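Colleague: Letter by letter, the sequence shown follows residues -5 to 619 of my numbering.
No lab work stands behind these hints: they were computed from the structure.
Computed from a predicted model, the values in this text were never measured in an experiment.
Check each hint, because a few of them may be wrong.
DSSO-like, lysine-lysine: derived pairs with alpha carbons at most 27 angstroms apart [claimed, not checked]:
1) Lys353 - Lys63
2) Lys103 - Lys73
3) Lys193 - Lys589
4) Lys52 - Lys446
5) Lys280 - Lys446
6) Lys132 - Lys103
7) Lys301 - Lys233
8) Lys73 - Lys132
9) Lys172 - Lys132
10) Lys200 - Lys301
11) Lys52 - Lys132
12) Lys335 - Lys63
13) Lys63 - Lys589
Pairwise CB distance ranges, derived in the manner of DEER restraints [claimed, not checked]:
14) His517 - Lys63: 35 to 41 angstroms
15) Asp527 - Glu426: 39 to 45 angstroms
16) Met235 - Pro554: 34 to 40 angstroms
17) His517 - Ser269: 37 to 43 angstroms
Virtual Cβ for every residue (Gly too), placed ideally from N, Cα, C.
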Amino acid sequence: MHGAAKRSCFPNYRLREVLSVYFTMLALIVVILVVSFHGASPREEDFPYHILLDPEGKLELSWNVSYPKQEVCFQLLVKEMHFGLVFGMSDRGDFENADLVVLWSDGYKSYFGDAWSDGYGHVQPDHQQDYQLLEAHKSSEGFYLTFKRPFNTCDVHDYQIEDGTVHLIYGILANPVKSLMMLNLSLSGTGIQRVQLLKPNISIPKLPPNVMTMEVRSPSVTIPGQETTYWCYITELPKNMPKHHIIMYEAAITPGNEALVHHMEVFQCAPQFDSIPNYNGPCDSKMKPQRLNYCRHVLAAWAMGAKAFYYPEEAGLAFGGPSSSRFLRLEVHYHNPLLIKDRVDSSGIRLYYTSHLRKYDGGIMELGLVYTPVMAIPPQEENFELTGYCTAKCTETALPQGGMHIFASQLHTHLTGIAVRTVIVRESQEVEIINVDNHFSAHFQEIRMLNKVVTVLPGDTILTTCKYNTMDRGKATVGGFGIMEEMCVNYVHYYPHTELELCKSAVDNGYLQKYFAFINRLHDDETCHCPRDSVTEQFAAISWDSFSKQVLRALYDTAPISMHCNQSSAIRFPGDWERQHLPQVTSTLLKDQKKCKTIMEPEKQSASALELQTHFVPRFTEKDT
-5 MHGAAKRSCF PNYRLREVLS VYFTMLALIV VILVVSFHGA SPREEDFPYH ILLDPEGKLE
55 LSWNVSYPKQ EVCFQLLVKE MHFGLVFGMS DRGDFENADL VVLWSDGYKS YFGDAWSDGY
115 GHVQPDHQQD YQLLEAHKSS EGFYLTFKRP FNTCDVHDYQ IEDGTVHLIY GILANPVKSL
175 MMLNLSLSGT GIQRVQLLKP NISIPKLPPN VMTMEVRSPS VTIPGQETTY WCYITELPKN
235 MPKHHIIMYE AAITPGNEAL VHHMEVFQCA PQFDSIPNYN GPCDSKMKPQ RLNYCRHVLA
295 AWAMGAKAFY YPEEAGLAFG GPSSSRFLRL EVHYHNPLLI KDRVDSSGIR LYYTSHLRKY
355 DGGIMELGLV YTPVMAIPPQ EENFELTGYC TAKCTETALP QGGMHIFASQ LHTHLTGIAV
415 RTVIVRESQE VEIINVDNHF SAHFQEIRML NKVVTVLPGD TILTTCKYNT MDRGKATVGG
475 FGIMEEMCVN YVHYYPHTEL ELCKSAVDNG YLQKYFAFIN RLHDDETCHC PRDSVTEQFA
535 AISWDSFSKQ VLRALYDTAP ISMHCNQSSA IRFPGDWERQ HLPQVTSTLL KDQKKCKTIM
595 EPEKQSASAL ELQTHFVPRF TEKDT
């Protein structure tokens, strides 16, 4: 019993009166009996991270991370338990080919086990049981289930938990399940939620005693009864507000709307405008004033599951003062899959700021690709890469001698983006990754603190590579501002502030026109559309085949680039920035791989290998109530 207690993720929980039975079985299922049905609610410090999984708030996930042990401890709170639940992870949030943990009841006994789903959503028990059950009990809040799992299990059916976005899937079982293999996820009430599980292991700075707060909230918005809404609201700072430093911010969500507010951002408007029209309405409305498009300087961003965001003790983000715009734009993304109507919301972001300025002004710099149609992704591509460059020439020109110190990052694409990676290249070798998200989703974009501060020196090159999936599109997807167009951006938060606000690239348009001419001749089209048609129209006219796609890929990998090394005034630094040669990279950083032993295929395992310790779980079905 003492050995079982040591498995707990927190000190005050124990398994009680565990009954162990050994027997040989064909499907390896762990079943645990805890005699105590009732227990105390967990402490906040035991599970610092929380997220509501379902839109109705009936299923809540809490978790903590142990980097020394390389494992995550999960706690699920089910407020209305029926006959069990399914929880797991998959590459893009699909219920096929997913890594699962299942709690189910046949109406008489309750079971817990590690499982996986095949390409048709059929659930199979996992012959390598890596989810370890720690606690199962009822309380006044509902049914608690606590378990843990390593980051990497070396199991071919398990998802490898890593930095970046994790697509969580879940489902509540409304009816008894006779056998785990009879469960089909396509028939169960299921859902998806995205979260960053591996939060950075960094200390939280203390707030100074003179800190002030300001809430940027949308005033009494009636959330539309549709699945997705982006709501925009314009507010302004007090007139003649002197310069301050933002040193922290956090979400301020209207109670009861936690499951509907998906993410929020506060933007500062361009300082050249003396006024910005008042607006409180949908961001895609035709009634939205055009000047709101110039409110793009990010001050704060929050997404579901994110904790408070802190600036390092030596830096703060400047706002207020004569060179800063008074106008702010709040953008709230409501995710309302149940089409709930007449729900009123006044959520927003709470800024913590001080008049006692810190040593450094923080800055936000855009890295990646310029918003231009010359960068395009062909249709029917599963994994097409585009790279934006911040060249050594630009960092040598614009950065101070000590470089810039990056402590946070926000990756950004539109709908077809599936992965983003930003890396520093020094003397033609990759030396350090700034941020990477191999499971990126455009529906989950937050500012993320880095595990450690990353320094970029003058003369360094920064590469930002985005991967796209356009399998559902029949025409090329070009770069641009529209949601059906694409972007590849990393907004890095750094100090000390410099005049370099944008360091991005695009392929040289002259070389792109040579591509169009070549493809047209190849397809017996002697008509040159180049002078008359826009780049978007030229891409739309291409008859895409494997060769035209390969040639476009080769063009992006070899052709000179137009470099945008821009000051905060949106004017480039002095110099020749056109037709720049691509930076050379002779050595890349390899992904850390855990050494895994060869695992026997299930059908080759001996009978002794199929023996497993088995326990029973308390009955949680409606018969107990």
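Colleague: Hint by hint, say whether it matches the structure.
Modeller: Verification of the supplied hints:
{"no.": "1", "hint": "Lys353 - Lys63", "verdict": "37 angstroms, violated"}
{"no.": "2", "hint": "Lys103 - Lys73", "verdict": "20 angstroms, holds"}
{"no.": "3", "hint": "Lys193 - Lys589", "verdict": "24 angstroms, holds"}
{"no.": "4", "hint": "Lys52 - Lys446", "verdict": "36 angstroms, violated"}
{"no.": "5", "hint": "Lys280 - Lys446", "verdict": "43 angstroms, violated"}
{"no.": "6", "hint": "Lys132 - Lys103", "verdict": "16 angstroms, holds"}
{"no.": "7", "hint": "Lys301 - Lys233", "verdict": "31 angstroms, violated"}
{"no.": "8", "hint": "Lys73 - Lys132", "verdict": "10 angstroms, holds"}
{"no.": "9", "hint": "Lys172 - Lys132", "verdict": "23 angstroms, holds"}
{"no.": "10", "hint": "Lys200 - Lys301", "verdict": "15 angstroms, holds"}
{"no.": "11", "hint": "Lys52 - Lys132", "verdict": "15 angstroms, holds"}
{"no.": "12", "hint": "Lys335 - Lys63", "verdict": "45 angstroms, violated"}
{"no.": "13", "hint": "Lys63 - Lys589", "verdict": "16 angstroms, holds"}
{"no.": "14", "hint": "His517 - Lys63: 35 to 41 angstroms", "verdict": "58 angstroms, violated"}
{"no.": "15", "hint": "Asp527 - Glu426: 39 to 45 angstroms", "verdict": "43 angstroms, holds"}
{"no.": "16", "hint": "Met235 - Pro554: 34 to 40 angstroms", "verdict": "45 angstroms, violated"}
{"no.": "17", "hint": "His517 - Ser269: 37 to 43 angstroms", "verdict": "52 angstroms, violated"}
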